[in-house]
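Undergrad: Given next are the chains, with one letter for each unit.
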Amino acid sequence: DAEITQSPRHKITETGRQVTLACHQTWNHNNMFWYRQDLGHGLRLIHYSYGVQDTNKGEVSDGYSVSRSNTEDLPLTLESAASSQTSVYFCASSARTSGRGDTQYFGPGTRLTVL
Amino acid sequence: AQKVTQAQTEISVVEKEDVTLDCVYETRDTTYYLFWYKQPPSGELVFLIRRNSFDEQNEISGRYSWNFQKSTSSFNFTITASQVVDSAVYFCALSEAGGSNYKLTFGKGTLLTVNP
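These protein sequence lines are chains C and Z, in that order.
Going by the numbering used here, the letters in the first sequence line up with residues 5 to 119, in that order.
Going by the numbering used here, the letters in the second sequence line up with residues 364 to 479, in that order.
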């Protein structure tokens, strides 16, 4: 069955370190997204991609970067981790078939703690 | 700019009660899509329903029903005869159809607790 996976599921790191969170989908979806979830803020978009070599900034992109070298993967990199980046991170993907209303399907999430 | 408001931060009910979760949205587009997602205590986000702006029919799926009213910009979600397994955070989301935008805007969620 097609799916979307994230790794690691839990990560503890130290301030200033570079961290990369992996996202892999086998839906063959063109669109991929990264969100962070924090209490009181809901889900906020970090970066997104509409295809290979395409990346775009979301509403909370400072301190994060992504690259899209193939359809299946969109890794999220924290260049220099900060305590404010402690959060739960979700990856999502959607097709591009029926226009802008395609459903996004989410990975299981990565809980990141920055000490 | 699009916006989704879930005014109810937390709701607590007793099992078998009916409960309605409110969602009010703002958009300038005439074509848009609305979604509901469920996040149980285990943490994953589960898609529940997608509705486009041209379809104002109410939807029923088992104990779940959705009431879409364009006149009040609302897309409310009702659980009939709630069960403990319905305890979760529920998110409403909006996607506009204009331009090259495939992004979702989420409300802040409503925490539903169903007590036995």
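Since the hints were made in silico from the structure, they are not lab data.
One or more of the hints may lead you astray.
[As the list claims (entries may be wrong)] Cross-link-like lysine-lysine pairs, in silico, PhoX-like; alpha carbons within 25 Å at most:
1. Z:Lys471 x Z:Lys401
2. Z:Lys466 x C:Lys61
3. Z:Lys379 x C:Lys61
4. C:Lys61 x Z:Lys366
5. Z:Lys379 x Z:Lys401
6. Z:Lys471 x Z:Lys366
7. C:Lys61 x C:Lys15
8. Z:Lys466 x Z:Lys366
9. Z:Lys379 x Z:Lys466
[To be verified] On the chain C side, residues computed to face chain Z include the following (Cβ under 8 Å):
10. His45
11. Leu49
12. Ala86
13. Thr90
Quick reminder that beta carbons are idealized off the backbone N, C-alpha and C, glycines included.
Undergrad: It remains to establish, for every hint, whether it holds in the given structure.
TA: Tested hints:
1. Our distance criterion of 25 Å between C-alpha atoms is met by Z:Lys471 and Z:Lys401, whose separation comes to about 12 Å.
2. Among the hinted pairs, Z:Lys466 with C:Lys61 is consistent with the structure: their alpha-carbon atoms are about 11 Å apart, no more than 25 Å.
3. Simply put, Z:Lys379 and C:Lys61 have alpha-carbon atoms about 44 Å apart, too far for the 25 Å limit, and the pair is violated.
4. For the proposed pair C:Lys61 and Z:Lys366, the alpha carbon gap of about 18 Å is at most 25 Å, so the pair holds.
5. With a CA separation close to 19 Å, the supplied pair Z:Lys379 and Z:Lys401 stays within the 25 Å bound.
6. Distance restraint check for Z:Lys471 and Z:Lys366: the Cα-Cα separation of roughly 11 Å lies within the 25 Å cut-off, and the hinted pair is therefore satisfied.
7. Taking the CA atoms of C:Lys61 and C:Lys15, the gap is about 24 Å. The hint holds against a cut of 25 Å.
8. At most 25 Å may separate the alpha-carbon atoms for a hinted pair to count; Z:Lys466 and Z:Lys366 meet this at roughly 12 Å.
9. At roughly 36 Å between alpha-carbon atoms, Z:Lys379 and Z:Lys466 are farther apart than 25 Å, so this suggested pair is violated.
10. With a cut of 8 Å, the hint placing C:His45 at the interface with chain Z holds, because the nearest CB-to-CB distance is about 7 Å.
11. Using the Cβ-Cβ criterion of 8 Å, the hint placing C:Leu49 at the interface with chain Z is satisfied: the shortest such distance is roughly 6 Å.
12. For C:Ala86, the interface hint is violated, the least distance from its beta-carbon to any beta-carbon of chain Z being 23 Å, above 8 Å.
13. Residue-level restraint check for C:Thr90 is violated (minimum Cβ-Cβ distance to chain Z is 16 Å; threshold 8 Å).
Hints 3, 9, 12 and 13, counting from the list given before, are not met by this structure.
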